[in-house]
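First to last, the protein sequences are chains S and V. At position 275 of the first sequence (counting the first as 1) the number is 275 in UniProt numbering, and the numbers step up by one without a gap. At position 175 of the second sequence (counting the first as 1) the number is 175 in UniProt numbering, and the numbers step up by one without a gap.
Derived by calculation from the structure, the hints in this document are not laboratory data. Treat the numbers as computed from the prediction; the structure is a model and nothing was measured. Do not rely on the hints blindly, as some may be mistaken.
In the DMTMM-like style, the derived pairs of lysine to aspartate or glutamate whose C-alpha atoms are separated by at most 25 Å in a straight line are [as the list claims (entries may be wrong)]:
(1) V:K82 / V:E51
(2) V:K303 / S:E155
(3) V:K220 / S:E35
(4) V:K220 / S:D92
(5) V:K220 / S:D99
(6) S:K64 / V:E51
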Amino acid sequence: MEKLLEVKDLQVSFQTYGGEVQAVRGVSFHLNKGETLAIVGESGSGKSVTSQTIMRLIPTPPGKIKSGQIIFNGEDLAKKTDKEMEAIRGKDIGMIFQDPMTSLNPTMKVGHQIMEVLVKHLKMDKAAAKERAIELLRLVGIPMPEKRVNQYPHEFSGGMRQRAMIAVALASNPKLLIADEPTTALDVTIQAQILELMKDLQKKMGTSIIFITHDLGVVANVADRVAVMYAGKIVEMGTVDEIFYDPRHPYTWGLLASMPSLDSDDKSELAAIPGTPPDLTNPPKGDAFAPRNPYAMKIDFELEPPMFKISDTHYAATWLLHPDAPKVEPPEAVKKRLRQLSSNYPQPVIVKESE
Amino acid sequence: MLRYISRRLLSILLSLFLIITATFFLMRAAPGGPFSGEKKLPPEIEKNLNEYYGLDRPWYEQYTDYLVSIAKWDFGPSFKYKGQTVNDLINEGFPVSFFLGMEALLLAVSLGILLGVIAALNHNKWQDYGAMIFAVLGISVPSFIMASLLQYVLAIKLGLFPVARWESLQHTVLPALALAATPMAFIARLTRSSMLEVLSNDYIRTAKAKGLSKGQITVKHAIRNALLPVVTYLGPLSAAVLTGSFVIEKIFGIPGLGSQFVLSISNRDYTTIMGVTVFYSILLLFSVLLVDIAYGLIDPRIKLAGGKKGE
């Protein structure tokens, strides 16, 4: 598999009146061509900051990339100037945002907002760009695109606006599409349609996708691989099967246990992860999840757990995987899902850095 | 659109009627009259004058007569300037005030928006602070001080422009600057705050994610959306500026409409007060209508529907 994007030890901070907020604290992952990587985590886990840093969309100041590399297509995006990024944004990397109601300019025709990308990056003239904009609207499933192209965003429904946003993001056939919670603001039936559309377009265009979400149901639907983020770090990463059927990190267990499933009986209460995420102005010593972790051991409060490798593709950062750790049982809801995966190593192996 | 405009014209007529009525009675309720002064006039002369101008007739007759003549665009003779009608006064004064006002308006709008945009784009940097200090000065320095300052520095010390009088284009620069200072500062502040609000919108981030440059984002996505509050302010502002400013006209010796307006009140020049008020109201009402039409052009979400929801 050819790597399209590789993020290495990325650290991003924001300077605020209350001090320096370390939003992303050493994140590493890669993305192959044509693949979909889902980044999940609760609000404030750093998933949106990570994705916006790849696009270099975080405002600087107050934001700052403290260290790390973002290798995209063999070039380090972290070192590019704003001017150089303009040629990459919208051309090689497209982005869809959470709220389609506010992501389009209300005083500009939808067609024109798509044409901007075509004129800027593909150097099309106006007439050709308009033709292409109509084609793109048809491609994303908007009926009567010839008429719609001349309409304003307020004449579109929420789902149609998100379709139009997808048309904007995919207009110049980017290699990478970053979707930052693209379905969160939509109702469930529209969500399913948008997800289908994205998968369909990915197949047609061969785009790689980074899918940011906090909805594990969506993850199961779209992703090839999953990265679970907590307090600015990736705590577990693996293929969809590995995360859903053989999760190892207590935080992933918590997430899975708090997801309703069809076969859970009516009497059992839906589990919740107690407490709140830590304040990233002063990140805690040891494992950031320890205060909320019912399985936490003494060492969790003192020393940060290393990354363990469970299989070629499966990583988790928890002391529970250490050979000296006591054996613990995951919560009932997770235990029901567990399967023996053949690709696992006989013993988890400590790695310095995930590759 | 046509329906909307005709509806608005009707409401303008109604507003005008109310304004005329209110002014008519307020004016008469104020103590004194057009012929009261330091020297008491002999009663016979005063009686004659009152008769001549129709002031001896009952108020309702005067009122209805006035309405009829206004409908014919006849404001009647001036009480103060013998042999001149109020129409003459307006016809002489307004073109001067209009020209000066237009010049000031163009200056205020273009410089104000420019300053506001620069300040917003460089939020919390020296350009921002500089523009806002400038704006606060413009708002807080009264126009008569601004005018004398301009006269002193640009005319007397540097000799760039004539000090006063109304003769050539050169003569219009200083009064236009003095007149423009306050609205310009106000527009700069308005533009800045509304630009800052627009720039924090999600669609600006979208535009950035499309790879557009800062300039393209500002011109194509931000300024247009930031202009609505400025346009709102422009309605009453243009009516006020175009009808002239008493202070500026006095200082620069300009034969405009603004001084007529103020003088007519102290003179109790009933017909001039009425005439100028009506004229000013018409300008104001129409500029507000223009603002509303401009809204629809700037923001497609605002529909100028004629009563029912139209397509």
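Here's how the hints hold up against the structure:
1. V:K82 / V:E51: holds, 16 Å
2. V:K303 / S:E155: holds, 12 Å
3. V:K220 / S:E35: violated, 35 Å
4. V:K220 / S:D92: holds, 22 Å
5. V:K220 / S:D99: holds, 21 Å
6. S:K64 / V:E51: violated, 84 Å
Of the numbered hints given earlier, the model fails hints 3 and 6; all others are met.
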